[in-house]
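Asks: Each chain, letter by letter, is given below.
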Amino acid sequence: MDYQNLFIQAVQSLRKNILRTSLTMLGIVIGISAVILIVSLGQGAVQFITNELSSFGTNYFQINPGSNQISSIAGGRKTLTLQDAEAIRRNPLLTNVETVIPFASTSVPVSANRIDKSLLAYGMTSDASKMLNVDMIYGQFLTDEDNLTSSKVAVIGADAAKDFFGEDTNPVGQTIRIDNKPFRIIGVAKSGSGFFGGFFNNAVYIPLNVALNQIIGQDAGLQEIDVAVKNTDLMNQTIADTKTLLRQRHHIREGNDDDFIIQSFQDALTTVQTITSLLTLVVAAISGISLVVGGVGVMNIMLVTVTERTREIGLLKSIGAKKKDILSQFLMESVVITLAGGIIGITIGIGGAFLISLVAPIPFVISVPAIIIAVGVAIFVGIAFGIYPARRAANLTPIEALRYE
Amino acid sequence: MPTNKDSLIRLENVKKYYVLGDGAHYEALTGINLVINQGEFVAIMGPSGSGKSTLMHILGALDTPTSGKYFLHGEDVGSLTDDQLAEIRNREIGFVFQSFNLLPRTTVFKNVERPMLYANIPWPERQKRVANALKLVELEEKADNLSNHISGGQIQRVAIARALVMNPSLILADEPTGNLDTKTSHAIMDFFKKLNNEGKTIIVITHEDDIAHFAKRRIRLVDGKIVRDTNRS
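Protein chains in written order, with this note's numbering: chain A, 28 to 432; chain B, 13 to 245.
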């Protein structure tokens, strides 16, 4: 019998017991939709993070204080100074360095317009605006002169501006008290980045020298130095030279660990992508286990079906069905169940990923390889778990089947 | 005993034993010698347990003898593989059973068409043959009805149509009227008679005398042996 007739027969046969078919399919639907959803979200997350990090430009590397990743994040070490940043900027050997952007931050009480809040205050130089991709809503960003003259001026993030002064109000020229010191607002800035924008927009920016000398304190050190290079091909050499320079400045002996961490944005990007992809794979594999459960469900129902239809099998054998005819008939039924379940699962998975992309800042990504693999897996599950019941049906002798009550 | 070459069916000392649960043998057929020629209308009779169902299974290539030989069209059926037996059933034999004749919740058309799918007969030919067979049993207008939406007599007629559709040399009916009232039974038997008049070989297994009377030749089985074989033609 040709595949077209087999397929039509299988569909007709499954439609006779639509409730049972649907319930059997459910296991496959859940398994496939979970895998598709997770892979889509995982890939969306990778794309999102890539976009976010790329918006800073891949020609940057960052230097943090501390001897390992955790202490650098915790900010426990205070080994990085403004003088370090100046040394990198001025070193004649570091010809590939384009800009050096040191910054420091601390949480401080901020009040304006009779409203008190606790916000992050960033000490920055004018170059930071380039790296952060800031859009000025009102006024202007911090200038080099503000920094040199230690002017008490501040740029405030868009969200913070809204909280203090209300929406659509230009606060430029007003006074804001940061750590109880009056600052003149010179601009309102907004970062376009959805990921970093969340906290950058809810902060205040003041000249770095003011931050270090009057709020955080000189000995607190820098939180980070970002360095932009001219030629990314020479990034690794520049990082190595910078490392040598900082080790000399920090008097670190041969054999001892660095007291700072240098990481290029590209490295960070790769790390994040690797971690996210790995997590996606692990979670997808775990969801894949439900496919095995679904497959066992299919096998169970097919065994029941074969028993129920023993008389029918006897009849079919008496009118000339060969073993392979019966085998392919029942195998086709289980494959149709799992394939239909797979297609429904893919649709639900993609639909779910789309709905999540509407509410979460994760882009909607359809993974074509995941869909192809899901279809393949669905067919495989149908064959793998359908073969045993189908063989049982095929191997019934005609009289055994005809006599079955 | 006639042994002419035209014989459609020749059984030579056919025995069939079943092994029971306790290891003992049950002898369903204890040595059957039988020749049935093309064009005969035979009724095989006997009380339950006489072995007539076993004989029907062997004649229908659904089962093979424990010993002895069964020749259908001169071919030794006992030596065939499962697939070859399936082909014999498909091409040479048309079955009509007492019950469970049709695929449940499947149209009359698809039921009659099914044997031709196993023979890979192409669609236009299948359509033509189903139409002809249904016309013969006067059920053309029921082609699209589901098998569970027609009467018992109609079910048997659909089964006859399906038995004819591969144009087999033998129609084998196992208690074909067992579930029908007398009037419908006789109508069904009239169909067999008509088919026989057109040259089909027909074997009916029954335990009812009035049904057996439609046949020209009557064979009575008792305890797995032929005890009487009468021919009134």
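Note that these hints are calculated values from the structure, not bench results.
Beta carbons: idealized from backbone N, C-alpha and C, even for Gly.
Don't take every hint at face value.
Per label pair, the in silico range of CB-to-CB distance [said to hold, decoys possible]:
1. A:Tyr415 x B:Val239: 42 to 48 angstroms
2. B:Val31 x A:Arg42: 50 to 56 angstroms
3. A:Lys351 x B:Trp135: 45 to 51 angstroms
4. B:Asn45 x A:Val320: 39 to 45 angstroms
5. B:Asp34 x A:Lys351: 47 to 53 angstroms
6. A:Arg47 x B:Asn45: 30 to 36 angstroms
7. A:Val320 x B:Ala36: 32 to 38 angstroms
Pairs of lysine-lysine residues, derived as BS3-like cross-links and limited to a Cα-Cα distance of at most 27 angstroms, are as follows [unchecked claim]:
8. A:Lys43 x A:Lys157
9. B:Lys205 x A:Lys43
10. A:Lys144 x A:Lys189
11. A:Lys350 x B:Lys206
12. B:Lys122 x B:Lys81
13. B:Lys81 x B:Lys228
14. A:Lys270 x A:Lys43
15. A:Lys43 x B:Lys27
16. B:Lys154 x A:Lys351
17. B:Lys81 x A:Lys350
18. A:Lys257 x A:Lys208
19. A:Lys179 x A:Lys189
20. A:Lys270 x A:Lys217
21. B:Lys122 x B:Lys27
22. A:Lys208 x A:Lys179
Asks: If a hint holds in the structure, say so; if it does not, say that too.
Replies: Hints, verified against the model:
1. Under the hint 42 to 48 angstroms, the C-beta atoms of Tyr415 of chain A and Val239 of chain B, about 47 angstroms apart, fit the expected range.
2. A hinted range of 50 to 56 angstroms is violated for the C-beta pair Val31 of chain B and Arg42 of chain A, which are about 42 angstroms apart.
3. Hint check: Lys351 of chain A to Trp135 of chain B, Cβ distance near 21 angstroms, so the stated range 45 to 51 angstroms is violated.
4. Between Asn45 of chain B and Val320 of chain A the beta carbons are some 59 angstroms apart, a value that contradicts the proposed interval 39 to 45 angstroms.
5. Roughly 36 angstroms separates the CB atoms of Asp34 of chain B and Lys351 of chain A, a value that falls outside the hinted 47 to 53 angstroms.
6. Between Arg47 of chain A and Asn45 of chain B the beta carbon distance is about 50 angstroms. The supplied range of 30 to 36 angstroms is therefore violated.
7. Between Val320 of chain A and Ala36 of chain B the beta carbons are some 46 angstroms apart, a value that contradicts the proposed interval 32 to 38 angstroms.
8. Only pairs whose Cα atoms come within 27 angstroms are accepted, and Lys43 of chain A paired with Lys157 of chain A is rejected, the gap being roughly 67 angstroms.
9. For the proposed pair Lys205 of chain B and Lys43 of chain A, the alpha carbon gap of about 37 angstroms is over 27 angstroms, so the pair is violated.
10. With a C-alpha separation of about 13 angstroms, the suggested pair Lys144 of chain A and Lys189 of chain A falls inside the 27 angstroms cut-off, and the hint holds.
11. Among the hinted pairs, Lys350 of chain A with Lys206 of chain B is inconsistent with the structure: their alpha-carbon atoms are about 35 angstroms apart, more than 27 angstroms.
12. Pair hint Lys122 of chain B plus Lys81 of chain B does not hold up; C-alpha atoms about 36 angstroms apart against a cutoff of 27 angstroms.
13. Note on Lys81 of chain B and Lys228 of chain B: the hinted pairing holds, with a Cα-Cα distance of about 25 angstroms set against a maximum of 27 angstroms.
14. For the given pair, Lys270 of chain A sits about 74 angstroms from Lys43 of chain A by alpha-carbon distance, which is inconsistent with the 27 angstroms threshold.
15. Taking the CA atoms of Lys43 of chain A and Lys27 of chain B, the gap is about 42 angstroms. The hint is violated against a cut of 27 angstroms.
16. Between Lys154 of chain B and Lys351 of chain A the CA atoms are separated by roughly 31 angstroms; this puts the pair beyond 27 angstroms, and the hint is violated.
17. Between Lys81 of chain B and Lys350 of chain A, the direct Cα distance comes to roughly 24 angstroms. Compliance with the 27 angstroms bound is thereby established for this hinted pair.
18. A threshold of 27 angstroms between alpha carbons decides the hint, and for Lys257 of chain A with Lys208 of chain A the separation of about 39 angstroms lies outside it, so the pair is violated.
19. The suggested pairing of Lys179 of chain A with Lys189 of chain A holds, with an alpha-carbon distance near 21 angstroms, which does not exceed 27 angstroms.
20. A threshold of 27 angstroms between alpha carbons decides the hint, and for Lys270 of chain A with Lys217 of chain A the separation of about 33 angstroms lies outside it, so the pair is violated.
21. At most 27 angstroms may separate the alpha-carbon atoms for a hinted pair to count; Lys122 of chain B and Lys27 of chain B exceed this at roughly 37 angstroms.
22. With a CA separation close to 8 angstroms, the supplied pair Lys208 of chain A and Lys179 of chain A stays within the 27 angstroms bound.
When each numbered hint is compared with the structure, violations occur for hints 2, 3, 4, 5, 6, 7, 8, 9, 11, 12, 14, 15, 16, 18, 20 and 21.
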